[in-house]
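Using the hints provided, position chain B with the ligands relative to the given structure of chain A.
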Amino acid sequence: MSSNRFFGRPKMPQRPPEERIRDFYEVPLGLPEWAAVEEAKRCLQCKNPQCVKGCPVEIDIPGFIRYLAEGQFGQAIAKIKEKNSLPAICGRVCPQEDQCEMQCVLGKKGQPIAIGYLERFLADYEREKGIQEPPLSKPRHRKVAVIGSGPAGLTCAGDLAKMGYQVTIFEALHAPGGVLIYGIPEFRLPKAIVAQEVRYVQSLGVNLELSRVIGKTYTLKDLHDAGYEAFFIGTGAGLPHFLEIPGENLNGICSANEFLTRSNLMKGYLFPQFDTPIKIGRRVAVIGGGNVAMDAARTALRLGAEEVCLVYRRTKKEMPARIEEVERAGEEGVNCIILTNPVRFVGNDNGWVTGIECIQMELGEPDESGRRKPVPVPGSEFIIPIDTVVVAIGQGPNPLFLESVPGLVLNRKGYIVADPETGATNLRGVFAGGDIVTGAATVISAMGAGKKAARAIERFLEMPQSFPQWG
Amino acid sequence: MAKIVHKEVLAPQIKLMVVEAPWVAQKAKAGQFVVLRIHERGERVPLTIADFDPSQGTVTIIFQEVGKSTMLLGTLEEGDEILDFVGPLGKEIEERNFGHVVCIGGGVGIAPTYPKAKALKEKGNFVTSIIGARTKTMLFWEEKMQEVSDVLLVTTDDGTYGEKGFVTHVLERVLQKEKVDLVIAVGPVIMMKMVSMVTKPHGVKTLVSLNPIMVDGTGMCGCCRVTVDGKCKFTCVDGPVFDGHSVNFDELMARQRIYLEEEQRALDLWLTEQAKEEAFRVV
Ligand SMILES: Cc1cc2nc3c(=O)[nH]c(=O)nc-3n(C[C@H](O)[C@H](O)[C@H](O)COP(=O)(O)OP(=O)(O)OC[C@H]3O[C@@H](n4cnc5c(N)ncnc54)[C@H](O)[C@@H]3O)c2cc1C
Ligand SMILES: Cc1cc2nc3c(=O)[nH]c(=O)nc-3n(C[C@H](O)[C@H](O)[C@H](O)COP(=O)(O)OP(=O)(O)OC[C@H]3O[C@@H](n4cnc5c(N)ncnc54)[C@H](O)[C@@H]3O)c2cc1C
Ligand code: SF4
Ligand code: SF4
Ligand code: FES
Chain A
1 MSSNRFFGRP KMPQRPPEER IRDFYEVPLG LPEWAAVEEA KRCLQCKNPQ CVKGCPVEID
61 IPGFIRYLAE GQFGQAIAKI KEKNSLPAIC GRVCPQEDQC EMQCVLGKKG QPIAIGYLER
121 FLADYEREKG IQEPPLSKPR HRKVAVIGSG PAGLTCAGDL AKMGYQVTIF EALHAPGGVL
181 IYGIPEFRLP KAIVAQEVRY VQSLGVNLEL SRVIGKTYTL KDLHDAGYEA FFIGTGAGLP
241 HFLEIPGENL NGICSANEFL TRSNLMKGYL FPQFDTPIKI GRRVAVIGGG NVAMDAARTA
301 LRLGAEEVCL VYRRTKKEMP ARIEEVERAG EEGVNCIILT NPVRFVGNDN GWVTGIECIQ
361 MELGEPDESG RRKPVPVPGS EFIIPIDTVV VAIGQGPNPL FLESVPGLVL NRKGYIVADP
421 ETGATNLRGV FAGGDIVTGA ATVISAMGAG KKAARAIERF LEMPQSFPQW G
Chain B
1001 MAKIVHKEVL APQIKLMVVE APWVAQKAKA GQFVVLRIHE RGERVPLTIA DFDPSQGTVT
1061 IIFQEVGKST MLLGTLEEGD EILDFVGPLG KEIEERNFGH VVCIGGGVGI APTYPKAKAL
1121 KEKGNFVTSI IGARTKTMLF WEEKMQEVSD VLLVTTDDGT YGEKGFVTHV LERVLQKEKV
1181 DLVIAVGPVI MMKMVSMVTK PHGVKTLVSL NPIMVDGTGM CGCCRVTVDG KCKFTCVDGP
1241 VFDGHSVNFD ELMARQRIYL EEEQRALDLW LTEQAKEEAF RVV
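So the protein lines, in turn, are chains A and B.
The working numbering applies: residue 1 is where the first sequence begins, and numbers increase by one.
The working numbering applies: residue 1001 is where the second sequence begins, and numbers increase by one.
Bound-form chain B, shown alone:
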């Protein structure tokens, strides 16, 4: 059981929770994730550790409500408990001075970018961060990212805030003007794929954090397998961070769609039930 001690709505459908889980907080490193289960019938949901505080024993998670489980999680309030909260899982990123690091966060991916930028900044890297969202209201943690970055660049797809366009446009410009030693990108798979395509001709090492569908998160089921450099890797134990130039992104995108039909069914059913309950309350 892990108690929710703080909750914030960062953007429409994007929520932050600070959870009491000292067993995770004490060991967490940038790049790692947790798997949680909300209730007895729930699925195991992987979420990146967006921040952690070993002294308080807390872990911060940020999630986008995309389906039943994340929406249900969003209904929990401060004081509520999450049934299972296991971690930290996966491998941490290498924390050392690379020189100039560009950290890119797209959409809800801004959250998992933060601990990486923070850790690398602490190691003395010059950190340029690029964060992007569809529109202004979807953007969050600009100030926090500013704190851990030497330069922060902001984009929105529709131009309602910062620069109009995709993070990749800004990245291309940075790569042309400056020497970059490492790029780290977290966001939708398509974004990570585009970022890797942009950095490839520049020969800049690029790390991406993959989010395949998972079950156990401990290397037991193989559901999270991805092809990296032609070899089969398990994201939950070998990753989640991999070399973007070696990842087969198209395969990953196809694999993320395996349960679309079932997920929609679960969501529809849940929404109908919610609506019924709501109707009762009104009556």
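So here's chain A without its partners, still in its complex pose:
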């Protein structure tokens, strides 16, 4: 293969901030074909590729890159799809800098291969060309139920369907995709892409039952009685945490989940063409420093807020959000108020929030996460005047489903205890993966868990005697 000696790692073309904050269209535009091919040529085709070790679903990265460099886009995408049924999504939202690209040998001295950009390029190429219907494998007449249609559930279902099982996904909401559809905004992950990836999974033969809340509409036992022999639980970490400080139920304060759900799932940004309203004040504060907080802040700007600030108790360096997203938020005008923690909300006589009383923080000793723990500076309280507050300080496990499964072992924080290699829980035939096991993590780790569980479910169904029992 001819190697690329002339070009370095390409920059992702993106729309200018002043243009993009006026709408919800996607911000990064994708690499042009020539740039993708040149970048592919830069790959060393390592015999022992480190990059693959960084990918939770173990994509044959040099394999697909080689086809791409040769211009064989169809084969390249097929290579990716051997391991990853949702490449258009991963190419966009994977924290590549912490995963595949972090391991790439080229990154040791210079710039790692832009694996994520290449993955996105190929997935987009395929979408424009029309997705190939995969050949179906020999049907095996055994039924598996997947609870939740987030990335974990979709991946597990897709893989099981490829193995020939009859898979049904049960989803509580009226649209499939989990966080991909209700959480991550359109400008970062167009919903048409999620819909197309879902259609692909459906084309594998997966049945999708929307608006079915497992634990309420049906219990696992009901499904078992209906002939389902194995279960995958991918219900995510959808319970919003609040600060639990005075004044939090004032009007104008909502969780990031509510704010993003109103905007994304319910299309509140298109109100009144769509019926669900979303409230946005002149001055908006988002509390938190993760991906969710960035998404909420950037959404607030697009909804017409004049000033948007992030209130975060540590410094920019400790922010758990992807660097790329912090940068984009900054370019768009989101203002970071760091080392600041809210202590109470103040409101007016009509019950609306008017300000946040905050306290200054300083960084102390490292805590269990290895980050320096913020400690309040006594007497440093001050008030930030504000019209709208979005609380984005994390999520926990939603107890609704868990309460309906007596005997399922949960950990101290309320997440399901599952074998990291197989997803097996203490209940035989019940597997789990994604955020409901790990706590809020990433799309690709949820997919990795769904993948491992699919393999384990196959083993459980075909060789139950060999399947280890534990717990």
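Among the clues, some could well be false.
As the list claims (entries may be wrong) - According to the in silico footprint, chain B covers these stretches of chain A (three or more CB under 8 Å from chain B):
(1) 169-183
(2) 216-223
(3) 409-420
Read the hints as simulated data drawn from the structure, not as lab findings.
Heads up, the beta-carbon is just placed ideally off N, CA and C, and yes, glycines get one too.
Structure of chain B with the ligands alone, referenced to chain A:
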């Protein structure tokens, strides 16, 4: 998709629909609700399960047309389908023999009171029901409530039917004369607040069914949060039924007003469009 198999107009702006939704009917219990969405651009509307029939696979909903979504729902006819119909959601009420139970339904709240009275009557409770409405024409389901009650008392605010006055007046009288073990009230928040204030000095346990604004109805957004006993609860998973003596009703009333402006805008726009369509039809 859930098909509407029967529709009735119970009172001006109050409509009943029997909907084919076996997945809800088979699991429904008194106190629970559904969330429905009428069309692709619609919002998620929570409505209490007013009655259900597992053998027929049907669920009855009763709603008051107060804004765009409920008015639009009111335009659907028998044979039409509701796009999404999810449930049963929320916790059911405890069904056991408490002794003497007073069930209070105000306005459209009569509908959600019915399944609770029915379930408690079946458990052997002595059920006194008090139903009230603004005026005679707004009153419905008197006969149905009679069937599941040992005593039925009716009030109207303007005295056009039954006793003149509020349900709370009648309740006060009942509490003074008889021993009551449990009061359940469903209706406008202000009514539930007043009922709770009346029962408090008598030390009678009081349950109310709250109706905050909701989005998902599955515990994912926190929009429906209410303060109960000083703690933050999500109505859709922890409720909708709570102890009336512990609920912060004023906060709930304030929270129900969050989207007033937007709701009015949506309604005005829709009414204008409807009027335009109507004009076309006439021409
Ligand atoms: C705003 C936001 C931005 C993010 N950005 C990124 C990013 O850029 N990159 C990244 O890698 N990760 C990101 N994440 C994290 C990532 O989205 C999650 O880790 C991932 O979606 C978890 O997948 P999952 O399949 O476990 O669960 P989810 O995606 O949460 O899906 C769970 C699904 O299960 C359904 N469900 C729940 N309970 C029931 C029930 N009882 N019955 C039926 N269905 C049920 C839910 O409705 C939901 O659809 C972000 C998260 C958020 C909230
Ligand atoms: C658990 C639950 C059960 C309910 N059961 C019933 C029922 O059986 N029958 C019935 O008629 N209504 C019921 N409601 C109320 C019903 O959901 C609202 O009336 C409806 O969502 C209003 O939508 P809209 O678009 O027509 O009006 P909107 O334009 O959204 O609102 C019009 C007016 O109604 C108020 N409102 C908006 N949403 C709600 C809400 N969720 N609850 C109370 N007031 C609201 C607004 O503040 C406004 O004043 C219930 C609500 C909940 C949460
Ligand atoms: S799926 Fe994510 S981690 Fe794996 S190769 Fe693609 S971008 Fe990298
Ligand atoms: S480690 Fe980097 S250079 Fe080596 S195969 Fe992977 S992407 Fe190519
Ligand atoms: S309606 Fe979203 S949590 Fe209750």
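Review point. Going back to the hint list, which numbers does this structure go against?
Key: 3
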